[in-house]
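Let the sequences and hints guide you as you build the complete structure.
Now for the letters of each chain:
2 protein chains.
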Amino acid sequence: MREKTWLTVLFVVFMWFAFSYGQEMQAISLPKPQTSGGKPLMETLSLRKSAREFSSEELPLQTLSNLLWAAFGINRPESGKRTAPSAVNWQEIDIYVATSSGVYLYDAKTNQLKPVVSGDQRSAFGRQSFVRTAPVVLAYVADFSRMGKASPGDKEFYSAVDTGFISQNVYLFCASAGLNTVVLGIVDRNTLATTLGLKPEQKIILTQPVGYPPKR
Amino acid sequence: MREKTWLTVLFVVFMWFAFSYGQEMQAISLPKPQTSGGKPLMETLSLRKSAREFSSEELPLQTLSNLLWAAFGINRPESGKRTAPSAVNWQEIDIYVATSSGVYLYDAKTNQLKPVVSGDQRSAFGRQSFVRTAPVVLAYVADFSRMGKASPGDKEFYSAVDTGFISQNVYLFCASAGLNTVVLGIVDRNTLATTLGLKPEQKIILTQPVGYPPKR
Numbered sequence: 001m002r003e004k005t006w007l008t009v010l011f012v013v014f015m016w017f018a019f020s021y022g023q024e025m026q027a028i029s030l031p032k033p034q035t036s037g038g039k040p041l042m043e044t045l046s047l048r049k050s051a052r053e054f055s056s057e058e059l060p061l062q063t064l065s066n067l068l069w070a071a072f073g074i075n076r077p078e079s080g081k082r083t084a085p086s087a088v089n090w091q092e093i094d095i096y097v098a099t100s101s102g103v104y105l106y107d108a109k110t111n112q113l114k115p116v117v118s119g120d121q122r123s124a125f126g127r128q129s130f131v132r133t134a135p136v137v138l139a140y141v142a143d144f145s146r147m148g149k150a151s152p153g154d155k156e157f158y159s160a161v162d163t164g165f166i167s168q169n170v171y172l173f174c175a176s177a178g179l180n181t182v183v184l185g186i187v188d189r190n191t192l193a194t195t196l197g198l199k200p201e202q203k204i205i206l207t208q209p210v211g212y213p214p215k216r
Numbered sequence: 001m002r003e004k005t006w007l008t009v010l011f012v013v014f015m016w017f018a019f020s021y022g023q024e025m026q027a028i029s030l031p032k033p034q035t036s037g038g039k040p041l042m043e044t045l046s047l048r049k050s051a052r053e054f055s056s057e058e059l060p061l062q063t064l065s066n067l068l069w070a071a072f073g074i075n076r077p078e079s080g081k082r083t084a085p086s087a088v089n090w091q092e093i094d095i096y097v098a099t100s101s102g103v104y105l106y107d108a109k110t111n112q113l114k115p116v117v118s119g120d121q122r123s124a125f126g127r128q129s130f131v132r133t134a135p136v137v138l139a140y141v142a143d144f145s146r147m148g149k150a151s152p153g154d155k156e157f158y159s160a161v162d163t164g165f166i167s168q169n170v171y172l173f174c175a176s177a178g179l180n181t182v183v184l185g186i187v188d189r190n191t192l193a194t195t196l197g198l199k200p201e202q203k204i205i206l207t208q209p210v211g212y213p214p215k216r
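Sequence order for the protein chains is A and B.
Sequential numbering from 1 applies to the first sequence in the working numbering.
Sequential numbering from 1 applies to the second sequence in the working numbering.
Hints are computed from structural coordinates only; laboratory data are not their basis.
Note that the structure is predicted; figures quoted are calculated from it, not measured.
Hints are supplied without guarantee of correctness; some may be wrong.
Pairs count within a copy or across copies, as identical chains cannot be separated in the list.
As a list, the in silico BS3-like pairs of lysine-lysine whose alpha-carbon atoms are at most 27 Å apart [as the list claims (entries may be wrong)]:
(1) K39 / K81
(2) K149 / K203
(3) K109 / K49
(4) K114 / K199
(5) K39 / K49
Written as structure tokens, this is what we have:
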């Protein structure tokens, strides 16, 4: 009887892991980004703003693909260069993407979201309640190991500037696509680093929720 | 005879000062920026790149006005908010504008270039020779005194990120308008601070030349 109970518990635990793993931990192939269209640049700049309210409505996968390409996608496939510059072309910033189902890493080369951790982790991406409402929350994470022989101070400085370039692309994409967004500097970086399983040489720079404006 | 020579020298020196001052040190009122038009955002992002070659051809004043408005102009006059975000809305980044005739400070509120120092100072804005060819070289300068009670580390961090937002706007404006640009991190900041007459609480973040591609 006892043995049977234990076997049942083991079976349930096994199935739970298998199910979670099977359900959550698959790479998502994004649709090809639409690299033309959008509002004219000067109108987009006119509409650029920070907004802290979000509908929980999901973003279509095509919109998410366009957003990530705009942020830091490859715009010159022959050289692998990106929509935002980076010091010495280090390309040291990674974009983590949190949704209600898990956290993924944007792979610009394969245009995929690679699984990082399952489950709704959005609350680790910022202190404000709207971070848990926005359907997508980005985290910009620098990998200092890609920054060569730069001094620690230079790594801090350039990873901050390089994140600004990318984050502004997100702002402008949102302005063009009718989405709300705001960049967040006050983040519990230790908690989020643990959630994402970061290496010591990875540093969380900023986070940025994205979503539709709330319905009126 | 000697007295007459001295009087002549004094007169020439006086006229030179009067002429230089009169010629160089006046504020330039920029034409109203054109806040609509430009290439569609996604095409602009497709064209975003760093380019290190410049024609010495001057930018029309309208283009310069559009460029500076795109960079960090006021896009919501009712609140004074800007085309790029800044931490806590400190708006701590100033844009200095070097041309062959002098250096000016962009005043977004009055849409003017305020005189800072006369003469061609572009060589102080970067080490590469193309910095002396580009008709316009921007310098992004943080005024830490506007950043409230932030810690020194936070002032460094946020002023770097906030410059990234602005610099990306310049990149995208250039991509839309057919201009070349590249952001520069290696700048002799002490020399440039002296040239600009900066206060100790002002920090030069980056510089960015802008101009037409060289004629082929």
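request  = Hints the structure violates: just list their numbers, smallest first.
outcome  = Hints that this structure does not satisfy do not exist here, as all of them hold.
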